[in-house]
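*Asks:* The residues making up each chain are set out below.
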Amino acid sequence: MKKILFVLSIVALTVGFAACKKADFEESYADPSKISVTSVEKQFAGFLTSNRWYVLPDYWNYFVVLRTTVTHYTQAVGWVNSPNQYVPGYAGIDARWDNYYNFLAQYRELENVYSQLSADDQKDRRIYMIAATIYLYDHTQKIVDLHGDIPLTEAGKLSANGGDYAKSLPKYDNAETIYTKMLDELKAMAEELNTITVKDAFKTGFKTQDIVNNGDITLWKRYCNSLRLRILTRVSGAAAFQTRAATETAAILASPATYPVVSSNAENVQIDVFNLSTEIHSKNFKSGLEDWDGNLAGKAMIDHMKTNADPRLRVMFEPGANAGGAYNGLDPLATSSAQTTLVAGGTISIYNRSTLSRNQYFPGLLINAAEVSFLASEAYLNAGNDAAAKAAYNDGISKSVKYYYLLRSLTNDNTSPVAAPATDSEIALYIAKPAVNWDLATTKADKIKLLATQKWIHYSVVQPVESWSEIRRLDAPVFNFETDIANNQKQPPFRWLYASSEQTYNTANYATVKSKDNLATKLFWDVK
Amino acid sequence: MNTKKHLFLLFLILLGSNTMLLAQVKKTVTGVVRDNGGVGLINATVTEKGTTNRVLTDQEGNFSIKVNPKSTLTISYIGFTTKDMAVGEQSNIAIAMDVASNALNEVVVTSLGISKKQKALGYATTTIKAEELTKTGSPNFAAALYGKAPGVRIGATPGGATSAVNITIRGINSITGKNQPLIILDGVPIREGEVKNNDYWGDQRLRGNGLLDINPEDIDNISILKGASAAALYGSEAVNGVVLITTKSGKGKKGFSVDVNTNYSFDKVAYLPRYQNVRGAGAPLNISNGGQDDAGFVYVDLDGDGIKETRSILGYSINFGPKFDGKPTISWDGVVRPYEAQMDNYAGLFQTAQNSSVNVALTHSSENSNVRFSLTRQSNEGVSLGAANTKNIANMNSTFRMGKKFSTDLMINYINQETKNRPYSIDRLMNNFTGMMGRFDNADWYLNKYKTSKGYRYVRGTNQSLTPAENIIYNGFKGDIADYVWRIKEHNENEKSNRVIASLTNHWQIVNDLKLRARVATDFTSQRTETKQSTEIPLSFGNSGYFAMQSYLNTIVYGDVLLTYTKKITPDLELNVMGGYTANKETGSTISRSTNGGLSTENLFDIAASMNTPNSSSSRYSLVKDAFIGTLNGSFKDYLFLEGTVRRDRTSTMNPNNNSFVYPSVNSSFIFTEAFNLPTFITYGKLRGSWGIVGNYPDLYSANIAYDQNTLGVQQVGGQPVLYTTLSSTFGNDLIKPEQKHEFEFGLEAKFLNNRLGLELSYYNAQIRDQILPLTIPSTSGAKSVLTNIGTLRNKGIEIAVNGTPFRSKNFTWEAGINVAFNKNVVEKLATGSNELLHADYDGNAAQLKSVVGESMGDFYAHPVARGKDGGLIVDPNGLYKVDPNSMVKIGNAMPKAVGGIFNTFTYKGISLDVLVDFRIGGYVMPTAINWMISRGLLEESVKYMDAEHGGLSYYEAGGKRIQTSAAQGPNGEKVYHDGLIQEGVKLDGTKNDYVASAADYYWTVYNWGGPQYSPNTRYELYIKKNSYVKMREVSLSYSILPKVAKAIGATKIQASVFGRNLFYIYRTLKDLDAEQTTAGSRWFQSLTNVGTNPSTRSFGVMLRASF
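Respectively, the protein sequence lines represent chains F and G.
Using my numbering, the first residue of the first sequence is number 31, and each one after it goes up by one.
Using my numbering, the first residue of the second sequence is number 375, and each one after it goes up by one.
Since the hints were derived computationally from the structure, they do not count as laboratory data.
Keep in mind that a hint or two might mislead.
What the hints assert, rightly or not - Between beta-carbon pairs, the in silico distance windows are:
#1 PRO1095/G / ALA280/F: 41 to 47 Å
#2 PRO286/F / ASN1260/G: 25 to 31 Å
#3 VAL1091/G / THR273/F: 31 to 37 Å
#4 VAL508/F / THR808/G: 31 to 37 Å
#5 ALA1332/G / ALA413/F: 51 to 57 Å
#6 PRO1238/G / ASN204/F: 31 to 37 Å
#7 SER307/F / LEU821/G: 36 to 42 Å
#8 GLN883/G / GLY192/F: 54 to 60 Å
#9 VAL508/F / PRO1095/G: 45 to 51 Å
#10 ILE981/G / THR234/F: 56 to 62 Å
#11 GLU1331/G / SER439/F: 54 to 60 Å
A quick note: this is a predicted structure, and the numbers were derived from the prediction, not measured.
For each residue, glycine too, the CB sits at the ideal point set by N, CA and C.
Next up, chain F with everything else stripped away, as it sits in the complex (with noise of 0.2 Å):
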């Protein structure tokens, strides 16, 4: 007896000592390669990171999201017809939907961190929430422009209802709603910038967590009131929105001191690739462009380029392969076959490699001077001031010709080789130009036409959400397209559909807007 409780002792005791205890199960729980706790300045960074690859042109955006549609819908490239090419694919829609509501998500995690301080600390960190929802709106005005009614205010909130995710399905936000909100902020924030102040302390690790303008403050208010006068040009034709656009607009051209705008190519706002080896790179623009013939010039942009000797044609552009230096575009009105034949054959031009695609390091743009200057003129021109309208007409046209040498000066590649640079009596012989010369354009909807014109070229395939917006807000340029004879969506559509998620897991909410949810639905703001 004695032998067998000796024996049940040692077992006993070596169970005891080689069993598992608590801190092994307490240590094997979470994944080592997680942290539990953030700060408001890592989850700023990683809000503003987590939708860089919208930004920073990259393969998915280009190649699945970009390539079937909107680069399409503003003829910003030549392509092949292909039946049910004016439906926007599910894959690439979905992609970018996501894509917003998981950074939307990041934004709400970062109000989380953020309020969980005390009113001290709130203080000291204000401006990452100033610079947060800047940023926040400028892509949210986006999404907004590609759907209509989006979920916003009830967005996101997984994380702050605790995981409660029946609670967490969002309604839809009117689109109007949402940017009468977005104009108030931004408002409200333009005011703050003016009279915030940073501590020192605070400011270096701003700085470090800013990729967007690198802790420069007066950078942010130019970003903030540049996006304002976006928005409200982008409104300015609803009628809810008529005065208050003409009012704000003009508040903000007439106080350059007080809302400072990006004024010149150096206060372009965009996240600058400075370290290939980063996360930061668009090492995939080449693949997202180039793919499937995704970089073809379209027949109507190479065709006033080449008219009116357009100083941006070099550097924007490259003659095909087998076109003896020449610049063609695809017409969009040929057969396919004669199309295929044509692609085959390497007459067609292509987006200049070295400037565009191959740049690795090509900056991911947010806000940039020319535009500034077109919608400045744009705001002239309906104050009835032709002058000033003129004016920054003229200059948004010498700005974007700078602007795509200033990116070709950026390159890694030189599969293209230099061009000549543009200078200014070029750049003045492109503005007298007939089908460019403000002066000659008698009516303002003739004007419109030009600055419309302009607009289309300047963002090409570099800002294209953009484009397509003002495309359909201006009617203008005005393209032709194949109709196609094999689906109901002959021609191209006035918005995207909702991500297929939407209909299917929120389904009560999308419910309300599903009557819209049609490519025939305009948006409010495209009135004409």
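Chain G: place on chain F using the hints.
*Replies:* Relative to chain F, chain G alone:
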């Protein structure tokens, strides 16, 4: 004399005396061994007791053996009770063997490797013996289980020996979690490894799982624990049942023996879709104008004279073009060929996979030890070009007895493996319109042209090339196929792994009634992978190519201690108490580096060749589980048995404050044939009943909520690195509860007519509560999924197995058996408060897979055709049914109703024919790609209505309408087409439909991609199809040479056989694909829609087995 001479003499003397002894004493005994029906037993073993002297009986059951006088003969024969017979003065003995009431004494391996008498078990287990696993040379044990165990369903990913195999026991127990049973090898939980092969963009190669490594030749038997009670001692790991593998050991053998087994087989691509062979790419002019002429062709200028003289097809992915006429037409590779269907063109992308296996096993047993050592060399290929796998498996299994009280078991299984180019997924050739090979296209052309004469990747159009003349410029080229060929040829992935599964078990009989068993074990895998992707373009054009190296380590350390106390309380009543502890820790890590931005030197495969700073990544994990266990057994008079078990376990995948749960079970068996006097035709009868709980925990790290942290590095001059955090889009849940399966089960086992007929029946009913699920939520809510306890499932079913020997005579025996299992699965409750749970939405709301409360899990829903007021099907002006975008109806359920198998074994003298058929009844799948092939006009089905001969109506087009006609042209000279059809239905205004549809438009549109939003006439209801089949799974014909002959060359047994696997269908509902083609992952919903893994195969082989 020197020492050497002394020794030599001594040796001679010994030898001499020995010979003398033999010569003097031995005598010859002859005899015959028969069964109790008087039929002679072939190959029965007759052994002189206590020696290694033995012989086998011949065809008539006769034997002859030289033995010592007064010795005893031991006669053994599988299925019969071993008999001892004293020789005495006899020289001719007739021995009548009794059929073993095997169930009476048969021993079964149960939980924790504890052997129990079969009759004492109160729950269902199925034991599968070695012979059944190796008959047809299956490269892994799981693929040898088809149709052999009631309630066990096998699903193998197509592609060959390296692709994963799934085992499902008693239906699906988890809505989205693991469905794979726990695999235990000689008491050690092994890395079984789930796989997912349906995610092309995540991984282009088809992966295997850990169970493929277990060599069927080393397996002695497999015991399958199906119900909760049987598996209760495995607690939270056993919700899907347990597969216990016992490897061969020397036990039960005497002396020294050698077994040699070798086989060779080949797999050929089989069960491809039924392609049409009448027409090529293109479309009628009224459907799509791509610039073709009236006949459907376009022309190209080959001789450069500016005249387009050579006929070409359109570069379309749809194949409603001109009929094959054999006239010269240029194909995409620039060769002018007769325009005709290229038979077997797609199959040409695959190889015949050759497989072989050689196994040598040495066994030695003595009083104090038994050792089995086996070496196996397996070499397998996949049908994917270049896919090959070789394995060297060494297995040692031994027991050493040290005195009466101690013994030690040592098992080592070492697997050294090299896998070259795991099969490459054909996703892009199936789930992709632009990758489907047309009928005027050929694999050979791609194999010829995928690379240029300078070794670079093919170049299209006018793209930059060193060999512009070789650029591919003609119509009909499918870039996706060429890419596929480039990748299988030029992307090499070489995987080398070493895996050791070992265990050391000590037994100590402390005192008579008290036993201690302690075990430590490990399953250790180390794997190195190198990926080499050839340079695609010349360096002067840019950098391409890729190199990566990865190392993966996985370690499971397992230990258990069991203390058992046995007490006979009265002569009739015996009690057995066991207590123990087990712990298990699994750790793993993956580290990889790869080139970034292409290779700096063409085809220099090393990290040093990286253009930019190389990429690197790493991950690691650890998982801890432990449990205290206890059992109490009682038996009364050896016919009534009762057992209770309890397990309290903990796991690290749950919140540490709430991670411990208790799993109880009870079971009882009653051998009524021993308790009562029953008619003699009932040989054996047992009733059993059991109840128990088992569970399942969430996946590793999925419950915890934490931030991902990373760095962007320095982003400005003089800046600091940017650290950032993000919240994952898969949201965890710290309050998650484990899943629990509560199951009860009753069974009957009976044998009749001296075991000529056997019957086994089981009924089970299991409720699985608190299903853990990453519930999909809209991304607008802030994440894409959230971990939740979602609901309750029930699985109930009946398993029936009948087997018997319908005929037995002296020379001929026929044995047969059938097993069938019916399982009914019901979703009982969902915690969301909702009535249904959506698993997947396919192709933009075209179809859905969901589980609805009150129904079986996995209902396929699709949009029906819209109906008018009076119920007629609405036809749109294009002549096609209008799909109702606002409603979805159930088309079918994914769960099979029944699965089973039928075996027949015919033995005539030394010849034996084994035939195994397996079947499945019900269960729907949605093989979308097959329907897309119809939409592309590639399959036979799409040929209907294509012209008058195929039932097409004639019509002409005017004013945007199609008007039926019988004239040669329309009233205004319009062209008449002959591919019209009219759908039965009504127009929107309620009148009878008379809109004419064009056949090309019909197939192209109705079988297109996308929901009604994208494609309003596409009918996914036609995509969802029942998957029932009866398949000739295994046939093997073997011949054992006469024992006399075998003996002459020193062998005890020599058997040669030919076999085939996956041979043909006796019946099937899916005509254009193999029933298992959709198997693409370990989880049930991964195996319903994707046919893009690899083609299915059919195998033939030969085998030779010999024992010495």
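*Asks:* It remains to establish, for every hint, whether it holds in the given structure.
*Replies:* How the hints compare with the structure:
1. PRO1095/G / ALA280/F: 41 to 47 Å: 44 Å, holds
2. PRO286/F / ASN1260/G: 25 to 31 Å: Taking Cβ atoms as reference, PRO286/F and ASN1260/G lie about 54 Å apart, which means the hint is violated.
3. VAL1091/G / THR273/F: 31 to 37 Å: 46 Å, violated
4. VAL508/F / THR808/G: 31 to 37 Å: 32 Å, holds
5. ALA1332/G / ALA413/F: 51 to 57 Å: Holds, since ALA1332/G and ALA413/F (Cβ atoms, about 56 Å apart) stay within the stated range.
6. PRO1238/G / ASN204/F: 31 to 37 Å: Roughly 34 Å apart at Cβ, these two residues keep to the hinted range, so it holds.
7. SER307/F / LEU821/G: 36 to 42 Å: Since SER307/F and LEU821/G have Cβ atoms about 38 Å apart, the given range 36 to 42 Å holds.
8. GLN883/G / GLY192/F: 54 to 60 Å: With Cβ atoms ~57 Å apart, the hint holds.
9. VAL508/F / PRO1095/G: 45 to 51 Å: 50 Å, holds
10. ILE981/G / THR234/F: 56 to 62 Å: Given about 36 Å between the Cβ atoms, the range is violated.
11. GLU1331/G / SER439/F: 54 to 60 Å: 57 Å, holds
Checked against the numbered hints given earlier, the structure breaks hints 2, 3, 10 and satisfies all the rest.
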